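S.K.: Go by the hints and put chain B onto chain A.
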Amino acid sequence: MHEHDVLVIGGGGAGLRAAIAAHEEGADVAIVTKLHPVRSHTGAAEGGINAALREGDDWELHAYDTMKGSDYLGDAPAIETLAQDSPSETIQLENWGMPFSREDDGRVSQRPFGGLSFARTTYAGAETGHHMLHTMYEQVVKRGIQVYDEWYVADLAVTDHDDPADRECHGVVAYDIKTGQVEGFKARNGVILATGGTGQVYDHTTNAVANTGDGQAMAYRAGVPLEDMEFVQFHPTTLPSTGVLISEGVRGEGGILYNSEGERFMFEYGYANNAGELASRDVVSRAELTEVNEGRGVEDEYVYLDMRHLGEERITDRLENILHLARDFEGVDGLEEPMPVKPGQHYEMGGIETDENGETLIDGLYAAGECACVSVHGSNRLGGNALPELIVFGARAGRHAAGKDLGEPEITTGKTDDIEKETDLDTPVEPGAVGASEGDAVADGGAAVVEPDETVRAAVERERTRIEQLMEKDDGIQHAELREDLQKSMTANVNVFRNKEGLKQALEDIREVREAYQDVYVNDPSRTFNTDLIHTIETRNLIDLAEAITLGALARDEFRGAHWRQEHQERKDDEWLKHTMLSWNEGSPELWYKPVILEGENKTYEPKERSY
Amino acid sequence: MSTQVPEEQEQTEPDEQAAETAVQQRETPGDRRRAERDAERQERQAAAGAPAEPDEDAVLLKVFRYDPEVEGKMEPRFDDFYVPRKKGMTVLDALIYARDHFDTTLTFRHSCRQAVCGSDALFINGRQRLGCQTQISDLDDPVRVEPLPHQDVVKDLVVDMEHFYDQMHAVEPFFQPEEESGGDLEEYRQTRENREKIKMSTRCIWCGACMSSCNIAAGDNQYLGPAAINKAYRFAMDKREGENMKEHRLNVMDQEHGVWRCQTQFSCTNVCPKDIPLTEHIQELKREAVKQNLKFW
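Chains as they are written, first to last, in my numbering: chain A, 23 to 634; chain B, 364 to 660.
Next comes chain A alone, as it looks inside the complex (with noise of 0.2 Å):
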């Protein structure tokens, strides 16, 4: 068994930030993660840092506008502290030697981005999630933190009590990639879940292929509920042929959009009068397909966004990346020709319930960075928002589980006595297990095991006769047709345009590729670096976070933010200022909501009606 002080699960940008923060606080620190660090998918953010830098900006504008983009369903402190504390981390990523763009007076740039009232955007060309990706892993390697790179984490280590609230983390369980042994890890202080998004539910998404949201569904099957899932952000500006980002930056600078007839859209048909293009994402992906759904896209399929009058010399400066994504995946010349657009799935703002100091509501357990929900983005995350999220909360959930007291926190995980409870959900199909085997029950007969190495021990011997099942199993079906099954419905049902039939029938399609995973096998009997084994794991939690979506959507029945509903074309503040909370609950999931907090350091957030 390893053992460490702290264990950070996942090596991208909030994972490597608590990693060095723990260090710095003194802990014994290892990542475990499937992907060597530099290969994470931070390392795909094009944009930049929203962090309120300059004479004229400061962090209670850069609140206000992260409020207003969240719908009034983020939580005041969550975005307060990421607007306070993300100046020192930006400037922390410039002592670190990130090449930022700079200014004649060498100083670091900053754009406009959607939403902003203030061009603080910081950004290193439109690769700014690359140089920080690495430059953080720079600081891993000076600091000789240990990483146990192509190490899956298939489970956590958890005790077995029976309220979740009692539950302790005590490690994680690990398959190593490379030689195919199951192994535990032991974490004295905590674990820190920072394993990114879960855009492979969808099968257009600017997401990497390991974008599984492992961490998600392993907090959420031990009993930490997932909030906000529904809210899932489509990026207005992905390439059609392969969901390949182009950046918010290119808008930033100047670019337009417009339709098949020429038009420019934003303002010809009234999406954004004042914003036009720098609308907020969930506002321009619809507008995108609206025309479309109104005969005004290209191909019937996607727009045009066109940057070519902002000069080559421009674009080679700040947007070259751009240039060589449009050739070498559309085929696309920017500096020639407009580039083909649509909405593709980007980010999901929901996830697993945190404090502002990253913690769960089991002892010992953290999450940071996209797999978290503190809740910064509430319901529609801003351009710019997501990086600073990283280092801020990556860093403070790594101060606090080496031990750091950062204080009380204002944010509450778990339920408390007067909750309000969903009741009455039409659901066609039962959601959750099927079966007791697929419960994952933390208790599985015998006595109920709290010590932590015993904790570790039986987290191990699960995970060994799981995969041993897997492996075993020599005919039935195979995860991928299974995962494509679920791609297709989630994108044709729980897309941008949202509506209750369409949400039934996903829920039933997520059901029958439930029903049918039981029948899984894996055709690889290698031990040696056995993909089919790690993405069969992988299609079981995208089942788990599909019906979370899902079911977050079927329960809401207004339009906020990123979630739009045919049948409810308003924001409904009376009834909707809570946030959708899902728990496990052994395998039959509970939905639950929790009230947003509106109350800030100096003020209350009024919710006011948001237009761009």
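Be aware that one or more of the hints could be misleading.
Now the stretches of chain A that chain B is said to cover, found in silico as 3 or more residues with beta-carbon under 8 Å [stated by the list, open to error]:
1) 223 to 232
2) 338 to 351
3) 539 to 551
The hints are simulated quantities; they were obtained by calculation from the structure and are not laboratory data.
None of these values were measured; they are calculated from a predicted model.
No residue lacks a Cβ here, since even glycine has one placed at the ideal position from N, Cα and C.
M.R.: For chain B alone, coordinates are given in the frame of chain A:
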């Protein structure tokens, strides 16, 4: 189940595009969608079971296979996969298709699909390239896909990257400014010119294509190799670190297995998927090292 793959397999889904378009319309009744899906599934099963004649519209992939512990794969071999061509299809797309439809044991690293994670550097038709960045239509048929040369093969297209990482870690690959920043949001100022100077060198995605293409690295395991030297260049040229640190960095490079091993064959530069002028960077470090030595002479 055996990992043996039928010699020739093909898959045609003429209606796939139409079906996809149909399912994307949100008003599509669930019943219809489900019927389409079932039809697709049947078609898929029929195609997977019956080896058919290679289609004109299919690209032939010849893929290197090896597994150290699976019978029939311990001896390296090439398997053929006929993958239906699609507009814009990359080598990675074709490999994914072959894996998901024909043989789930086919193993390769990949993640971002957009040339930034650096996982899928492969030896494609005799050249190091990223699978995701290489269009099938740009290649001669058949497309031969092999693991990166000069590295130990773990399985199929997966190579052991440890040596590459060791070399990257050997050049003090982290920012070491001589002076502490002033704190309190104080930045190290950098001119646009200096940022431009290091820009290309910071684009490295650690894919290992350069190292694999380098004859010298193949013969000298201690040679730092183009990627690691480029990493050193990135810091040596960054004026924020200061002159003394630059001197130190040049000393690290100015050694037998450092810059002087490079024989300027430009193979690394030719294969770099991020267009980093690696050979030029190595040459510049050689010149800087000479200048520095002369200074102390």
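S.K.: Hint numbers the structure violates, sorted upward?
M.R.: Hint check: nothing fails, all pass.
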